[in-house]
Every structure is written in structure tokens, then in C-alpha cells.
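Colleague: Residue numbers (numbering that gives the first Met the number 0), protein chains in the order written: chain V, 0 to 125; chain C, 0 to 125.
Please note that the accuracy of each hint is not assured.
One copy or any two copies: either way a pair holds, since identical chains are not told apart in the list.
[As the list claims (entries may be wrong)] DSS-like mimics (lysine-lysine), calculated; alpha carbons at most 30 Å apart, straight line: (1) K75 <-> K46; (2) K46 <-> K35; (3) K70 <-> K53; (4) K28 <-> K53; (5) K53 <-> K117; (6) K53 <-> K89.
Think of the hints as simulated: they come from the structure by calculation, not from any bench.
Number of protein chains: 2
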Amino acid sequence: MTTPSATQDSYPYQNEPVWSKSEKAIARKAFDAALKRELHEVIQEAKQMASQIKQPSDLWGLEHYLTQRRKEIDHKYDYRYSQLTHVFGKLLQEGRLGEEDLSGLGEDKLKSIRSFAKFLAEMEAA
Amino acid sequence: MTTPSATQDSYPYQNEPVWSKSEKAIARKAFDAALKRELHEVIQEAKQMASQIKQPSDLWGLEHYLTQRRKEIDHKYDYRYSQLTHVFGKLLQEGRLGEEDLSGLGEDKLKSIRSFAKFLAEMEAA
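One chain only, chain V, in its complex shape:
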């Protein structure tokens, strides 16, 4: 891609909303907080699992758990502006973010985020 990002911001692709400076700050804060909380959960779970290891199968169960969680987290936390409404939609649906964390984002983005969260919830219920 040879287009400089400044130009991209001025002429965004269709359906890719422009993120203002203040929205970027809100997004970064919400994203980092959710990631930090999720990593903290994994750390607590790993400590708990390790403390209960009694046999080799428990040990390799811990390895498997860590590998799966690392892959899931790597995949989920994708901080590209083109992906952020999906990322936040998923975090909203999982209860890892609340609407209050996203307060200050433009209504266009909130609408996309809520819509994707609803879609995921319906997928899960199906």
C-alpha cells in the first residue's frame, strides 16, 4: 500500500469510519483496559491450575490452556482502526467492556459496535 495514512484519513474507504484524535484516545484506553483485564484473568487461572497439578496430564493441560488462550487473545485484540468496531463489539458482547468505556465515540461507531455485539449474541444463542 503506497497511500500515506494522512491521505487515507481524508479519503477513507467506504464503511471504514474515520477515528478522530479524541476517539482514538478513548479507543486505546478501552482496548488496553480490556486486554489488561483479560490477561489478568488468564494469569489467575494459570496460577490456580498450576497449584492443582497432580499428574503429568494436568501439566500438559496447563500448557494446552495457555497456548489456546494466547492464540485467542492474539486474534481478538487487533488494534487496526479497520477492525476496531468488530473488536469492541466482541468485547461488549463478552461483557469485557461496558457502554461507559466507549462513551465519547461517535454514534456511527457505537451503532456498528452494538450491531456486531448483537449479531454475536444471536449467533451464540442459535
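Given the structure of chain V, go ahead and fit chain C onto it with the hints provided.
Modeller: For chain C alone, coordinates are given in the frame of chain V:
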């Protein structure tokens, strides 16, 4: 391989010693004991590492440690009679088995085991 193992035992490949019933019992016991001790060490180390996790890099460090140890152990503990003198040689060199654990094996096998242990020790010193 279509040759039944009974025939293989009667006509072993050159340099592949035949293991008598009593030698097989000694080998199995020594192998299982070394594996059990090594797995116990990994379990203790994993518990220790987990208890000291403070940040995500420690968490993924634990995952990496477990993956490496699992691969090493899978590779090292190869209970094929064609491989056993190498396996025991390595365990002897690592101090995971003593000569006393192998007592009762034929002199031909002990010689191969000691010779491989010596080779590994020299490799390490080089």
C-alpha cells in the same frame, strides 16, 4: 513392517542386542522411574514459575517452558529396544539414572550405555 516381532527377536538386526525377559523388566523399571522423576521435576518447576507470574511475559514464558520440556521429554523417552541403550546412556550422563538402576543388564548393553554416556559427556565438554 510385516515381520512378526517374535521372528525379529530370534534374528535380530546386527548391533541390536536381544533383550531377555529379565532385562526387559529391569529396563522398564529404570525407564519408568527416570521418566517419573523428570516429570515430577517439571511439575515442581511449573508450579514455582506459575506462583511467580507477575506480568504477561511471565505467563507466556511458562507456556514456552512447558512446550519445550514436553518436546524434549517426548523425544528423550523412546522405549524401543533398538533405542534403549542410547536412552539409558543419556539418562546416565544426565545423572537421572545410576549404574545401580541398570544392574542386571548384560555386559554388552552396559558397555554400549556407558560408551554413549561418555560420548555425550565429551560432546558437552567440547
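Colleague: Regarding K70 and K53, is the shortest C-alpha distance of 30 Å or less found within a copy, between copies, in both, or in neither?
Modeller: both (26 Å within a copy, 20 Å between copies)
Colleague: For the identical chains here, do K46 and K35 meet the 30 Å Cα criterion within one copy, between copies, both, or neither?
Modeller: both (16 Å within a copy, 23 Å between copies)
Colleague: Should K28 paired with K53 be assigned to within, between, both, or neither, using CA atoms and 30 Å as the limit?
Modeller: Answer is between; shortest inter-copy Cα gap is 21 Å, intra-copy 40 Å.
Colleague: For K53 and K89, with the copy left unspecified, which applies at a CA distance of at most 30 Å: within, between, both, or neither?
Modeller: Cα proximity of K53 and K89: across copies only (27 Å, versus 36 Å in one copy).
Colleague: At 30 Å max between alpha carbons, let me know whether K53 reaches K117 within a copy, between copies, both or neither.
Modeller: Result: close neither inside a copy nor across copies, 42 Å intra and 35 Å inter.
Colleague: My question is about K75 and K46: at a cut-off of 30 Å on alpha-carbon distance, are they close within one copy, between copies, both, or neither?
Modeller: Both ways: K75 and K46 sit 23 Å apart in one copy and 28 Å across, limit 30 Å.
Of the hints listed earlier, the one the structure fails to meet is number 5.
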